[in-house]
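Protein chains in written order, with the working numbering: chain Z, 1 to 130; chain G, 131 to 531.
Don't take each hint at face value.
Pairs of lysine-lysine residues, derived as DSSO-like cross-links and limited to a Cα-Cα distance of at most 30 Å, are as follows [unchecked claim]:
{"no.": "1", "chain 1": "G", "residue 1": "Lys381", "chain 2": "Z", "residue 2": "Lys48"}
{"no.": "2", "chain 1": "Z", "residue 1": "Lys3", "chain 2": "G", "residue 2": "Lys259"}
{"no.": "3", "chain 1": "G", "residue 1": "Lys152", "chain 2": "Z", "residue 2": "Lys48"}
{"no.": "4", "chain 1": "Z", "residue 1": "Lys47", "chain 2": "G", "residue 2": "Lys227"}
{"no.": "5", "chain 1": "Z", "residue 1": "Lys47", "chain 2": "G", "residue 2": "Lys259"}
{"no.": "6", "chain 1": "Z", "residue 1": "Lys16", "chain 2": "G", "residue 2": "Lys264"}
Read the hints as simulated data drawn from the structure, not as lab findings. No experiment lies behind these values; they were computed from the predicted model shown.
This is what each chain is made of:
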Amino acid sequence: MSKQIPFVDYLVLGDKPHLVANECTDCGARFFDRRNACASCFGTLFKKVDIGTEGIVRAFSIVTFAAPGVKVPFVSAIVDCGGTSVRCTLTNVEPSPEHVKLGMQVRLALVPVGADDDGTEAINYGFEPA
Amino acid sequence: MASDDIWILGIKMTKFGKHPDKDIVDLASEAAMAALADGGVTMKDIGILAAGNLMGGGGVGQQIQKQIGQTGIPVYNVSNACATGATALRTAIMAVKAGEVDMGLAVGVEKLAGAGLLGAGGKPKSDKKVYEPKGRYGAVGSVDGRIGTDSMPGVFAQVGMEYGHKYGGASFELFAKISEKNHAHSTLNPLAAYTKRMTLEEIMNDVMIAYPNTRSMCSANCDGAAAAVVVSGAKLKTLSLEQQRRAIKVKASVLTTDPWQEACQVLPDVNTLTKNAARIAYEQAGVGPQDLDLVELHDCFATAELVHYDNLGLCEEGGAADFFLSGATWRDGRTPVNVSGGLESKGHPIAATGIANVWEVCHHLRGEAGDRQIEGAKVGLAHVIGLGSACGIHILEKSGL
Numbered sequence: 001m002s003k004q005i006p007f008v009d010y011l012v013l014g015d016k017p018h019l020v021a022n023e024c025t026d027c028g029a030r031f032f033d034r035r036n037a038c039a040s041c042f043g044t045l046f047k048k049v050d051i052g053t054e055g056i057v058r059a060f061s062i063v064t065f066a067a068p069g070v071k072v073p074f075v076s077a078i079v080d081c082g083g084t085s086v087r088c089t090l091t092n093v094e095p096s097p098e099h100v101k102l103g104m105q106v107r108l109a110l111v112p113v114g115a116d117d118d119g120t121e122a123i124n125y126g127f128e129p130a
Numbered sequence: 131m132a133s134d135d136i137w138i139l140g141i142k143m144t145k146f147g148k149h150p151d152k153d154i155v156d157l158a159s160e161a162a163m164a165a166l167a168d169g170g171v172t173m174k175d176i177g178i179l180a181a182g183n184l185m186g187g188g189g190v191g192q193q194i195q196k197q198i199g200q201t202g203i204p205v206y207n208v209s210n211a212c213a214t215g216a217t218a219l220r221t222a223i224m225a226v227k228a229g230e231v232d233m234g235l236a237v238g239v240e241k242l243a244g245a246g247l248l249g250a251g252g253k254p255k256s257d258k259k260v261y262e263p264k265g266r267y268g269a270v271g272s273v274d275g276r277i278g279t280d281s282m283p284g285v286f287a288q289v290g291m292e293y294g295h296k297y298g299g300a301s302f303e304l305f306a307k308i309s310e311k312n313h314a315h316s317t318l319n320p321l322a323a324y325t326k327r328m329t330l331e332e333i334m335n336d337v338m339i340a341y342p343n344t345r346s347m348c349s350a351n352c353d354g355a356a357a358a359v360v361v362s363g364a365k366l367k368t369l370s371l372e373q374q375r376r377a378i379k380v381k382a383s384v385l386t387t388d389p390w391q392e393a394c395q396v397l398p399d400v401n402t403l404t405k406n407a408a409r410i411a412y413e414q415a416g417v418g419p420q421d422l423d424l425v426e427l428h429d430c431f432a433t434a435e436l437v438h439y440d441n442l443g444l445c446e447e448g449g450a451a452d453f454f455l456s457g458a459t460w461r462d463g464r465t466p467v468n469v470s471g472g473l474e475s476k477g478h479p480i481a482a483t484g485i486a487n488v489w490e491v492c493h494h495l496r497g498e499a500g501d502r503q504i505e506g507a508k509v510g511l512a513h514v515i516g517l518g519s520a521c522g523i524h525i526l527e528k529s530g531l
């Protein structure tokens, strides 16, 4: 079985794939990137927290023109996962205004990106209609 | 309170050398946090950030804030070749000297070591392409398209849709109607890049860039420049009567950045910093939104104009759609917005826009706007917002002479 790695380091693969955020231990602010400090309260201690896999779409755009090499059209979306906003691309949905609606319920899905020359597969995340 | 004596309270430098595991924000954050600690203060005490970096992509000040403290203070990203660091320090000193703030932070950062590591110099050991996590998200490939969008039309489309989700009333047609207004306004502006009237159908059927923004709903890329001479009141009094008559009073000049909000590092929050800048500007000027005779705001995309009606207090909270549909922001409405044609039709040569829209307001306040003159204009507001982010607002007033 070929090796699988997450496309970004805040995605955890395995039996129950989910996203992980860095949560400031002082004020609870959550971040998906590597941190120097908390942008909200300047604290320097973080703990890892699991983000829920269900959410609703609170903003989206169907992008038809993008930088060279980016496959279009795609649906960029901001998903509210129980109070934590997540940036994503919607998957398993027709990229048209008839099929994508504000407020629609979605859930985390895995999206294979392809293998490198060693045969290692990169797996990305998206959100699909629930 | 203006001050003639200025002091350095805290100061630090990192070890200089090779730091292959640190990006410019790591280095700058390390220096900034250490300088703050050395001075016994925190980001809360700082009123202005001046940040210098040459080789990075720009906006390093905001990138630093997003790691060490988003307090919404004005950020000046500066560059003056090898004098960049001193320029950052001079900028912070100038703000304290002028009495705008009590305390400022200046940072200078660069990564030049082993340019081979970052750029063209290093030769790969083999031609094999192997996944390698890079950057603060440990990404093994380009994120654009795979995890949301980095494109401006897409980002600002989401900004408009977010408003629609929160308050209702927003639709593709509504945003297109905003664009229709701006294209109509531009027909009277000989300096606009495009002066073509466009129907709603033409706009909605134009090439879709990032739903709901079609091409005509996006700011027009073009070339251009704008410049302004600023003078003190004391100096103005020594100049000719004609110069004094045509001079325009700067009643407010405000710069803000985005304070931390949930989701602000996932979708740029262009709302809070604009609301903050507007509130400070109205206080500085001693006027309210109802006193404005015209507004030139940042319609980088038609979807952006809608949210700024709300952010600038031109309408009640959540009421931007109804406000637009009432006709208020057309040139014959009670709050003419973007009579120049806006960024969508006048154009958006990025660094010029913030002075060009001040020019438009001044042109009307001087009574020199000819065919597109807003009659009797006395007070106007100019607004720009740059992603990262920064918001600049100026309120201008006609001289009493």
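Evaluated hints:
no.: 1; hint: G:Lys381 - Z:Lys48; in the structure: violated (48 Å)
no.: 2; hint: Z:Lys3 - G:Lys259; in the structure: holds (15 Å)
no.: 3; hint: G:Lys152 - Z:Lys48; in the structure: holds (22 Å)
no.: 4; hint: Z:Lys47 - G:Lys227; in the structure: violated (42 Å)
no.: 5; hint: Z:Lys47 - G:Lys259; in the structure: violated (34 Å)
no.: 6; hint: Z:Lys16 - G:Lys264; in the structure: holds (25 Å)
Comparing the model with each earlier hint shows violations of hints 1, 4 and 5; every other hint is respected.
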